[in-house]
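Input sequences plus hints: build the corresponding full structure.
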Amino acid sequence: MADVEAVIQLKNVTKTYHLGGETLNALDNVNLTIQPGDFVAITGPSGSGKSTLANIIGGLDKPTSGNVIVDGSDLAELHDAKLSAYRNKHIGFVFQSFNLQATNTALENVSLPLVFQRMGSKARKARGVEVLQAVGLGDRIKFKPTQLSGGQRQRVAIARALAIKPSIILADEPTGNLDSARGQEIIKLLHDLNKQGITLIIITHDLSIARQAGRIVEIRDGKLVERRA
Amino acid sequence: MKTIDYIRMAFRNIWRSKLRSALTIFAVVIGATSVTIMLTLVFSIKGFFTQQFEANGTLQQVAVSPQSGVSDYNSISNNGGGQGNCGAGTCTKLTDALVTKITALPHVVGVARATSSLPFAAIVFSGKPYTLQGVAAYDANGIITNNIVAGRDINATDQSGVVTVPSIYADKWGYKNNYKALVGQQIELETQGFYSGVGATIQKPNTSGPNNPPSPSNQQAPTYIKATVVGISSNGGGGGGGGQSNAVRVPLPWARLMEEQQMYQQTPGSQGGQNCGSRGQCQPAQPQFTLVVTNNLAQNGYDALTVKVDSATNANGVASSIRKLGVGAASAQSFIKSQLAIFNVIGLVLGGIGGIALAVAAVGVVNTMVMAILERTREIGVMRAVGAKRSTVSRLFTIEASVLGFLGGVIGLLIGYVLILIANPIINKQLKLNSIHTSNIINLPIWLILSVIGVTTLIGMLAGLYPARRAAKLDPVEALHYE
Ligand SMILES: Nc1ncnc2c1ncn2[C@@H]1O[C@H](COP(=O)(O)OP(=O)(O)OP(=O)(O)O)[C@@H](O)[C@H]1O
Ligand SMILES: [Mg+2]
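Protein sequences, first through last, are from chains A and B.
So the first sequence is numbered by the working numbering: it starts at -11 and just counts up by one.
So the second sequence is numbered by the working numbering: it starts at 19 and just counts up by one.
Dumping the calculated DSSO-like pairs for lysine-lysine here, alpha-carbon to alpha-carbon at most 30 Å:
id	chain 1	residue 1	chain 2	residue 2
1	B	Lys491	A	Lys70
2	B	Lys491	A	Lys153
3	B	Lys491	A	Lys(-1)
4	B	Lys20	A	Lys153
5	B	Lys491	A	Lys50
6	B	Lys36	A	Lys130
Hints listed in this document are in silico derivations from the structure and should not be mistaken for laboratory results.
Structure follows, in structure tokens:
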């Protein structure tokens, strides 16, 4: 499914926050390489820097220092337009709280990234229906988020990530708001996508989920600890 | 992001918070409606007057005065120039020779010669004298029109004995609603005492008296000149150079005779010598008098000329060519321009009031957009996460604000239009009462429609700039976590 076979390389990535004179290293000299098609689980205690790491890989945030090299270019050096284009072409974000637009239908939510690709409305609709069918919601395209269950909402969010045919899916606690059965369904869906070639990075503190990944990376106080290769 | 998607999204978002959007648009509507109505009124009234001037050919006219340096159309046409009445400037008589020169100028279609300094004191109807507001004569070649409400106007074949009288006299004489009945009636024009023109009885000086003044004096009894009323003119009609609007009109050939000055002059050498007979008896010599006729009009020239030009655009050029001949000349255009300038001022003032309303509306748009950004912060975060650039977010909000302004402008115009539809019949009725027959003088020109919509859209856009900047500057990570 992936258009680009992207190797993700983090070199000495540090993210520092300054809070009233105190400095806080959310990420402290992180070095990490993720191969195309990998399934990586990132675990660690709350506040350890997992989301910060995911956002930097996804081009939503920039490191204070260090390099984030994806597909040969350094995200740390890209300007907003290029970085936005990178997210728009390669990255599918899935969030714990779904982040769907309440007033829009499932189809409209799923089509949103395609709007920013300047895709025509007909093509958008066709692609939207296609990905909603792929996540098993072919009969819910006109439903609004409030008319869907939690698991269904997260599947709409995954469909939205899929719409652009991403090379990387970044899922930050995708099961955090779901019961374990619903959570397992979502992980299976994501895992299937990974099997089709998409690099999958899941942030979770659920070890049963982490164990399904090919690789577990643990973060403690912004420092990286490899658990299993 | 495609333009159509920007617009689609803007409309969706406006629709999403209907009440707030409606209130914001309402403020714009008030501003747009007031600006529309005020500008429409001003421009329509201006247009109406210009049209009136165009319709009676005034714009194609150049008024000529004997005074050089006079370039005020209104003073020439109202005062009729005036023979020998030269203020600061030098005077060149408006003679027939000059008229020939003017007629030969390019773009000149014709010239109407006018005199209004005819020596009359009163108009007499059924034995009673009435104060005269002037007697005027001008060429009946259609350049100066006399607005006839009954009977006919003086025409080119009329030589003498006929007049048109303004309706104010008819009203005084009891013909208020029956002007027709006055046509064919006799009136008399009472001359001033020194009159010695046509119809005057010129007394041959008493030959026996030794020192009789030979010239006519003011003590002389007035002459009464009979005339038949052929038409009634409306008040205010008969404009144009030299035509006094409330003047009694007489044919120009007749006026020429009225301007004649007849007097007896002593034949040179016929006085002083003594005629002595052969018988040594001397008798005083009988002085010899001959009637000398001079013509004021020929000597002093006409009071004013009205020159007709082939098109209104050439009027100013012809006026300046005529000025080179040493006389004063002005086109009506400059006069009309200055007359209508007041409407520009009114337009500016009223438009300014609408402008203030629009400024207040702009503040409303800013407020609404800032609120919308607070409400949609998380949504902005999502858009950024799925690939929206800062500039895309900025444009999205700018366009949304512009659409608010656009909708306000459109609705404001529609309301303004409805009010015009209501106002027009009322105005038509009023004008009809003043015997002006027009229909729907107030209209919405297309440029006004486009400018009102353009301006309100622009105001919306400008009001949206600051909120849009704020939206674009949001950090996507923080926006996604906004509660
Ligand atoms: N905008 C910010 N300003 C200051 N500090 C921040 C900011 N964002 C994150 N941090 C800090 O950086 C650290 C890492 O945050 P991060 O969100 O990456 O944690 P996390 O591992 O995802 O935690 P959780 O499992 O609870 O989601 C935290 O200590 C947090 O307080
Ligand atoms: Mg987190």
